[in-house]
Amino acid sequence: TAPAKVKQAYKEPQQEHLVGSEWEEVQVDDLVDELECFRGQVYELQAKNAQLEDVIRAEVCEEMMTQMEEMERAFSIRIEDERIATEQKFERKLDIISREASRREYELSQEEISELHSQLSFYKSR
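Under our numbering, the first residue of the sequence shown carries the number 1, and numbering increases by one thereafter.
Derived from the structure by calculation, the hints contain no laboratory data.
The reader is advised that the hints may include incorrect statements.
[Said to hold, decoys possible] Derived Cβ-Cβ restraints for the label pairs, each shown as a range:
1. 122 / 102: 51 to 59 Å
2. 94 / 117: 44 to 52 Å
3. 75 / 37: 27 to 35 Å
4. 123 / 97: 36 to 44 Å
5. 79 / 117: 53 to 61 Å
6. 113 / 89: 30 to 38 Å
Yeah, the Cβ is synthetic: ideal placement off N, Cα and C, and Gly gets one too.
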(Lines of atoms letter the chains of each structure in order from A; the text may use other names.)
(Lines give C-alpha, C1' and ligand atoms only; values in the text may rest on other atoms or scores of the structure.)
Protein backbone atom coordinates (compact mmCIF):
# COMPACT_ATOMS: atom_id res chain seq x y z
CA THR A 1 0.00 0.00 0.00
CA ALA A 2 1.00 3.63 -0.37
CA PRO A 3 1.89 4.29 3.32
CA ALA A 4 4.15 1.25 3.32
CA LYS A 5 5.90 2.62 0.21
CA VAL A 6 6.45 5.95 1.96
CA LYS A 7 8.04 4.25 4.98
CA GLN A 8 10.12 2.17 2.66
CA ALA A 9 11.20 5.30 0.77
CA TYR A 10 12.38 6.90 3.98
CA LYS A 11 14.63 3.90 4.67
CA GLU A 12 16.12 3.93 1.19
CA PRO A 13 18.39 6.99 1.60
CA GLN A 14 20.72 4.71 3.50
CA GLN A 15 21.23 2.77 0.31
CA GLU A 16 24.12 4.12 -1.70
CA HIS A 17 22.81 3.51 -5.22
CA LEU A 18 20.28 6.48 -5.03
CA VAL A 19 21.66 9.95 -5.42
CA GLY A 20 19.90 13.24 -4.41
CA SER A 21 17.75 13.90 -7.48
CA GLU A 22 16.73 10.24 -7.83
CA TRP A 23 15.76 10.16 -4.18
CA GLU A 24 13.58 13.27 -4.58
CA GLU A 25 11.93 11.72 -7.63
CA VAL A 26 11.11 8.55 -5.65
CA GLN A 27 9.66 10.65 -2.82
CA VAL A 28 7.49 12.67 -5.21
CA ASP A 29 6.23 9.52 -6.94
CA ASP A 30 5.39 7.92 -3.60
CA LEU A 31 3.61 11.06 -2.42
CA VAL A 32 1.63 11.23 -5.68
CA ASP A 33 0.65 7.57 -5.27
CA GLU A 34 -0.37 8.18 -1.68
CA LEU A 35 -2.37 11.26 -2.70
CA GLU A 36 -4.22 9.22 -5.36
CA CYS A 37 -4.94 6.56 -2.75
CA PHE A 38 -6.37 9.20 -0.39
CA ARG A 39 -8.46 10.69 -3.20
CA GLY A 40 -9.90 7.25 -3.90
CA GLN A 41 -10.73 6.80 -0.21
CA VAL A 42 -12.35 10.23 -0.09
CA TYR A 43 -14.42 9.37 -3.18
CA GLU A 44 -15.51 6.06 -1.61
CA LEU A 45 -16.47 7.79 1.64
CA GLN A 46 -18.42 10.45 -0.22
CA ALA A 47 -20.30 7.76 -2.16
CA LYS A 48 -21.01 5.86 1.07
CA ASN A 49 -22.21 9.06 2.75
CA ALA A 50 -24.49 9.83 -0.21
CA GLN A 51 -26.00 6.34 0.03
CA LEU A 52 -26.51 6.71 3.79
CA GLU A 53 -28.10 10.10 3.26
CA ASP A 54 -30.52 8.60 0.72
CA VAL A 55 -31.42 5.78 3.11
CA ILE A 56 -31.91 8.18 6.03
CA ARG A 57 -34.00 10.56 3.95
CA ALA A 58 -36.20 7.67 2.83
CA GLU A 59 -36.63 6.47 6.42
CA VAL A 60 -37.46 9.96 7.68
CA CYS A 61 -39.95 10.42 4.84
CA GLU A 62 -41.59 7.10 5.67
CA GLU A 63 -41.80 7.98 9.38
CA MET A 64 -43.30 11.36 8.58
CA MET A 65 -45.88 9.75 6.28
CA THR A 66 -46.77 7.31 9.06
CA GLN A 67 -47.19 10.17 11.53
CA MET A 68 -49.27 12.17 9.05
CA GLU A 69 -51.52 9.14 8.42
CA GLU A 70 -51.96 8.65 12.19
CA MET A 71 -52.81 12.34 12.58
CA GLU A 72 -55.29 12.09 9.71
CA ARG A 73 -56.97 9.04 11.30
CA ALA A 74 -57.16 10.77 14.68
CA PHE A 75 -58.59 13.89 13.06
CA SER A 76 -61.17 11.85 11.12
CA ILE A 77 -62.26 10.14 14.33
CA ARG A 78 -62.51 13.48 16.11
CA ILE A 79 -64.54 15.00 13.27
CA GLU A 80 -66.88 11.99 13.23
CA ASP A 81 -67.33 12.22 17.01
CA GLU A 82 -68.11 15.93 16.73
CA ARG A 83 -70.55 15.24 13.90
CA ILE A 84 -72.36 12.64 15.98
CA ALA A 85 -72.44 14.93 19.03
CA THR A 86 -73.76 17.83 16.94
CA GLU A 87 -76.38 15.59 15.37
CA GLN A 88 -77.52 14.39 18.81
CA LYS A 89 -77.63 17.97 20.07
CA PHE A 90 -79.83 19.05 17.17
CA GLU A 91 -82.10 16.04 17.67
CA ARG A 92 -82.55 17.01 21.34
CA LYS A 93 -83.27 20.60 20.32
CA LEU A 94 -85.84 19.40 17.77
CA ASP A 95 -87.49 17.25 20.43
CA ILE A 96 -87.64 20.22 22.82
CA ILE A 97 -89.06 22.48 20.09
CA SER A 98 -91.56 19.82 19.05
CA ARG A 99 -92.75 19.30 22.64
CA GLU A 100 -92.96 23.07 23.17
CA ALA A 101 -94.93 23.50 19.94
CA SER A 102 -97.33 20.73 20.97
CA ARG A 103 -97.74 22.27 24.43
CA ARG A 104 -98.37 25.73 22.95
CA GLU A 105 -100.74 24.25 20.43
CA TYR A 106 -102.67 22.63 23.27
CA GLU A 107 -102.57 25.85 25.31
CA LEU A 108 -103.80 27.90 22.37
CA SER A 109 -106.57 25.43 21.81
CA GLN A 110 -107.55 25.68 25.46
CA GLU A 111 -107.43 29.45 25.26
CA GLU A 112 -109.50 29.44 22.13
CA ILE A 113 -111.97 27.07 23.76
CA SER A 114 -112.25 29.23 26.84
CA GLU A 115 -112.64 32.33 24.65
CA LEU A 116 -115.33 30.58 22.71
CA HIS A 117 -117.05 29.60 25.97
CA SER A 118 -116.89 33.14 27.20
CA GLN A 119 -118.28 34.42 23.92
CA LEU A 120 -120.95 31.74 24.02
CA SER A 121 -121.83 32.73 27.55
CA PHE A 122 -121.97 36.34 26.53
CA TYR A 123 -124.31 35.62 23.65
CA LYS A 124 -126.45 33.34 25.81
CA SER A 125 -126.82 36.01 28.40
CA ARG A 126 -128.22 38.45 25.86
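Now the hints, each set against the structure:
At roughly 30 Å, the beta carbons of residue 122 and residue 102 sit outside the given window of 51 to 59 Å. Our hint of 44 to 52 Å for residue 94 and residue 117 is violated, since their Cβ atoms are close to 34 Å apart. Residue 75 and residue 37 have their C-beta atoms about 56 Å apart, which leaves the hinted 27 to 35 Å range violated. With their beta carbons about 38 Å apart, residue 123 and residue 97 fall inside the hinted range of 36 to 44 Å.
Between residue 79 and residue 117 the beta carbon distance is about 56 Å. The supplied range of 53 to 61 Å therefore holds. Hint check: residue 113 to residue 89, Cβ distance near 36 Å, so the stated range 30 to 38 Å holds.
In summary, the structure is inconsistent with hints 1, 2 and 3 from the numbered list given earlier, while agreeing with the others.
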